[in-house]
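**Q** Read in order, the letters of the sequence shown correspond to residues 50 to 302 in the numbering used here.
Check each hint, because a few of them may be wrong.
Stated by the list, open to error - Straight-line C-alpha distance at most 20 Å; calculated SDA-like pairs for lysine to any residue:
(1) Lys109 - Gly135
(2) Lys199 - Thr218
(3) Lys109 - Asn133
Unchecked claim - Restraint ranges, calculated between C-beta atoms of paired labels, are given here:
(4) Glu208 - Gly265: 34 to 42 Å
(5) Asp61 - Ala196: 53 to 61 Å
(6) Lys109 - Gly265: 21 to 29 Å
(7) Gln201 - Lys142: 33 to 41 Å
(8) Arg229 - Gln200: 15 to 23 Å
(9) Asp97 - Asp173: 15 to 23 Å
Because the hints were derived from the structure by calculation, they are not lab data. Bear in mind that the values here come from a model prediction, so they are computed numbers and not experimental data. Here a beta-carbon is modelled for each residue, glycine too, at the ideal position from N, C-alpha and C.
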Amino acid sequence: MQRIHNAIQLTDLRPDDLAELYAYPAELREPFVRANFVSSIDGGATSDGQSEGLGTPADKAVFLMLRELADVVLVGAGTVRAENYGGARTDPKYRRALHERGIGGHPDGAAPPIAVVTASAAIDLGARLLTDTTVPPLIITTTTAPADRKQQLSDAGAEVIEAGDVAVTPKALLRALGERGLLRVLCEGGPHLFGELLAADAVDELCLTTAPLLVGGTGRRISLSAHEFHRPMSRAHILLDDDGTMLTRWARA
């Protein structure tokens with residue numbers, strides 16, 4: 050693989066090379082949380098209110114590979130609504146092959162479920178999350194969320210999981226995923242959920258794409274929290290694409 054200033058040129062990589070670069074640790078015993086975000090050069094996490102406005106072909110390729118590797122895709126309810134989330138679409142044959150190599154995927158080739166964190170179980174029953182998916186989504190909510198909402202979501206095909214009384218803490222959230230054997234966790238946002246996971250020191254890796262764009266405006270950063278924190282991270286790799294996209298992976302120091 051050609052290296053340019055300690056970076057890897059994305060065009061030099063085959064899909065299997067990319068999978069190896071982003072492989073999860075072997076023999077996990079508890080959830081390993083990887084976050085994936087895109088931002089502009091000037092730090093915006095969205096354009097026109099959606100992260101999709103910052104996407105590039107390179108970002109899309111890595112986005113899809115990370116889903117192929119994951120056991121579960123974790124998102125906040127606000128992101129589900131803003132981005133109009135449907136179920137993950139993955140390649141069953143490739144997911145089985147990744148599992149056989151011990152780096153991700155699924156033994157039956159099934160797509161990773163979307164796990165949505167919502168303390169109030171406030172999910173539209175007509176949302177693509179429920180109507181456009183090959184696997185049931187997980188609704189991670191609280192015991193105090195309205196019982197009728199939870200029943201309606203269950204009737205619509207979701208698996209409703211109570212993981213707290215009035216709030217879903219990162220510890221309770223990850224315990225619920227771990228109990229279901231969903232150890233390779235891919236968090237796709239939003240900023241509040243990511244900020245809560247960071248504040249709880251529950252993030253193992255951040256995959257960050259910097260799109261070759263300046264967007265200005267009042268768009269939010271990729272993480273938001275009530276208080277500042279300092280989490281040292283170590284650079285794992287840098288990928289460069291010909292259009293200027295830079296893809297970095299940062300691991301817990």
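**Q** Run every hint past the structure and note whether it holds.
**A** Each hint, compared with the structure:
1. Lys109 - Gly135: 16 Å, holds
2. Lys199 - Thr218: 19 Å, holds
3. Lys109 - Asn133: Judged against 20 Å, a Cα distance of about 17 Å means the pair holds.
4. Glu208 - Gly265: 34 to 42 Å: 41 Å, holds
5. Asp61 - Ala196: 53 to 61 Å: 54 Å, holds
6. Lys109 - Gly265: 21 to 29 Å: 23 Å, holds
7. Gln201 - Lys142: 33 to 41 Å: 35 Å, holds
8. Arg229 - Gln200: 15 to 23 Å: 21 Å, holds
9. Asp97 - Asp173: 15 to 23 Å: 21 Å, holds
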